[in-house]
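Next come the chains, spelled out residue by residue.
Protein chains: 2
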Amino acid sequence: MSQVFDVAVVVGSLRKESLNRKIANAFVQLAPASLKLEIVEIGDLPLYNEEHDSATPPASYTSFRERIRRADAVLFVTPEYNRSVPGVLKNAIDVGSRPYGKSAWNGKPCAVVSASPGAIGGFGANHHLRQSLVFLNMPVLQQPEAYLGGAGSFFDEAGQLSEKTQPFLQSIVDAFARWIEQNQPR
Amino acid sequence: MSQVFDVAVVVGSLRKESLNRKIANAFVQLAPASLKLEIVEIGDLPLYNEEHDSATPPASYTSFRERIRRADAVLFVTPEYNRSVPGVLKNAIDVGSRPYGKSAWNGKPCAVVSASPGAIGGFGANHHLRQSLVFLNMPVLQQPEAYLGGAGSFFDEAGQLSEKTQPFLQSIVDAFARWIEQNQPR
Numbered sequence: 000m001s002q003v004f005d006v007a008v009v010v011g012s013l014r015k016e017s018l019n020r021k022i023a024n025a026f027v028q029l030a031p032a033s034l035k036l037e038i039v040e041i042g043d044l045p046l047y048n049e050e051h052d053s054a055t056p057p058a059s060y061t062s063f064r065e066r067i068r069r070a071d072a073v074l075f076v077t078p079e080y081n082r083s084v085p086g087v088l089k090n091a092i093d094v095g096s097r098p099y100g101k102s103a104w105n106g107k108p109c110a111v112v113s114a115s116p117g118a119i120g121g122f123g124a125n126h127h128l129r130q131s132l133v134f135l136n137m138p139v140l141q142q143p144e145a146y147l148g149g150a151g152s153f154f155d156e157a158g159q160l161s162e163k164t165q166p167f168l169q170s171i172v173d174a175f176a177r178w179i180e181q182n183q184p185r
Numbered sequence: 000m001s002q003v004f005d006v007a008v009v010v011g012s013l014r015k016e017s018l019n020r021k022i023a024n025a026f027v028q029l030a031p032a033s034l035k036l037e038i039v040e041i042g043d044l045p046l047y048n049e050e051h052d053s054a055t056p057p058a059s060y061t062s063f064r065e066r067i068r069r070a071d072a073v074l075f076v077t078p079e080y081n082r083s084v085p086g087v088l089k090n091a092i093d094v095g096s097r098p099y100g101k102s103a104w105n106g107k108p109c110a111v112v113s114a115s116p117g118a119i120g121g122f123g124a125n126h127h128l129r130q131s132l133v134f135l136n137m138p139v140l141q142q143p144e145a146y147l148g149g150a151g152s153f154f155d156e157a158g159q160l161s162e163k164t165q166p167f168l169q170s171i172v173d174a175f176a177r178w179i180e181q182n183q184p185r
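Residue numbers (numbering that gives the first Met the number 0), protein chains in the order written: chain U, 0 to 185; chain Z, 0 to 185.
The following block holds chain U by itself, in its conformation from the complex (with noise of 0.2 Å):
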């Protein structure tokens, strides 16, 4: 039997009607089999502090670092907050990425997904996250690349991907798919 990817979904609008979580639902249905997606929830981890590296961290950073250090694979799905990633998915990245020296990030092989209303397709927030993926040594999928602009079309009101977007969609997963298997920490 072959082996089935754990892949943590990561949002970057906590806003619950938000495009973007539609997307990554959208993902997870549309995911091959050799994947299994879960959305892995960042609103309750509070904003960063290094005080909390030296005595007992909270405890939503430890369960956050614990299930990401579980994925074989993270797939970032974001939009764009003033032509940058939002300060709730970078607090989740920082969070993720401490103390020093225990980044739960660290090899995971990855992909980014920018959505928004407008025409950009969050290429200013999908960018600056790519900077930080350097550092962080996530081998990130280079195509195709995913700025995902007038999201506001993909779905009709029954909340149903629309079958224009759909094809899209699915090539990138896909691509994902074979990503992650070829870079798996050896």
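Among the hints, erroneous ones may be present.
[Claimed, not checked] Dumping the calculated BS3-like pairs for lysine-lysine here, alpha-carbon to alpha-carbon at most 30 Å:
id	chain 1	residue 1	chain 2	residue 2
1	U	K21	Z	K101
2	Z	K101	U	K15
3	Z	K35	Z	K163
4	U	K101	Z	K15
[Claimed, not checked] Facing chain Z, a subset of chain U residues (Cβ under 8 Å, in silico):
id	residue
5	G42
6	E50
7	Y80
8	N81
9	P85
10	V87
11	K89
12	G123
13	V133
14	F134
15	L135
Hints were generated in silico from the structure; no laboratory data involved. Just so you know, even glycine gets a beta-carbon here, dropped at the ideal spot from N, CA and C.
With chain U's structure known, arrange chain Z on it following the hints.
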């Protein structure tokens, strides 16, 4: 009598003994008579969620936005986390920028100082922040650039700023004072 400008200082680290906080405090001391610098705390701002905008916002959001709105200028002093802006600071920026169309940051002249114990001096954080400042419409001091590397040696054991570093910090805050005067909203 000439005008005294109110400068909100936003520090990107929550640690009490933070190097960046020490540098911010040094700027408070070095500021010319035309500036009054005050550190504005960001550690109690809950992670931004757009749902807050449609209901009653957290009290800390309201007071932070009012404090920034009252300021004539903003000085950012920040470390780099994972080659970018700390989530803590980006969250404060996101909070201040909302609700949509009512950004507290709009039009305020600002300066960015980044500092780290290492060699790069927070360059990654400094320039990621500058990308957000474009969108936020905050005229930002260009020169002198301030990537303060080796910042662990700036203060002696008594917390006194070294004589070697003081002139450069002075040149930054003096240039910033001129920048603020030039860039007041008309």
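Results of checking the hints against the structure:
1. Proximity of U:K21 to Z:K101 is assessed by CA-CA distance (about 27 Å); at most 30 Å being required, the pair is judged to hold.
2. Taking the CA atoms of Z:K101 and U:K15, the gap is near 23 Å; set against the 30 Å cutoff, the hint holds.
3. A threshold of 30 Å between alpha carbons decides the hint, and for Z:K35 with Z:K163 the separation of about 24 Å falls inside it, so the pair holds.
4. Under the criterion of a C-alpha separation no larger than 30 Å, the hint pairing U:K101 with Z:K15 is consistent with the structure, at around 23 Å.
5. Satisfaction of the interface hint for U:G42 is found here, the shortest Cβ-Cβ separation to chain Z being roughly 6 Å, below the 8 Å cut-off.
6. With a least beta-carbon distance of about 6 Å to chain Z, the hint placing U:E50 at the interface is held under the 8 Å criterion.
7. For U:Y80, the interface hint holds, the least distance from its beta-carbon to any beta-carbon of chain Z being 5 Å, beneath 8 Å.
8. At its closest, the beta carbon of U:N81 sits 4 Å from a beta carbon of chain Z; the interface hint therefore holds under the 8 Å criterion.
9. Nearest Cβ of chain Z to the Cβ of U:P85: about 6 Å, under the 8 Å cut. The hint holds.
10. The restraint placing U:V87 at the interface with chain Z holds, with a minimum CB-CB distance near 5 Å, inside the 8 Å limit.
11. A least Cβ separation of about 4 Å between U:K89 and chain Z falls short of the 8 Å threshold, and the interface hint therefore holds.
12. About 6 Å separates the beta-carbon of U:G123 from the nearest beta-carbon of chain Z, less than 8 Å, and the hint is met.
13. Annotation: interface hint on U:V133 holds; nearest CB of chain Z at approximately 7 Å, less than 8 Å.
14. A cut of 8 Å between beta carbons decides the hint on U:F134: the least distance to chain Z is about 4 Å, and the hint holds.
15. A hinted interface residue such as U:L135 counts as satisfied when its beta carbon comes closer than 8 Å to some beta carbon of chain Z; here the least separation is about 6 Å, so the hint holds.
Violated hints for the displayed structure: none, as all numbered hints are satisfied.
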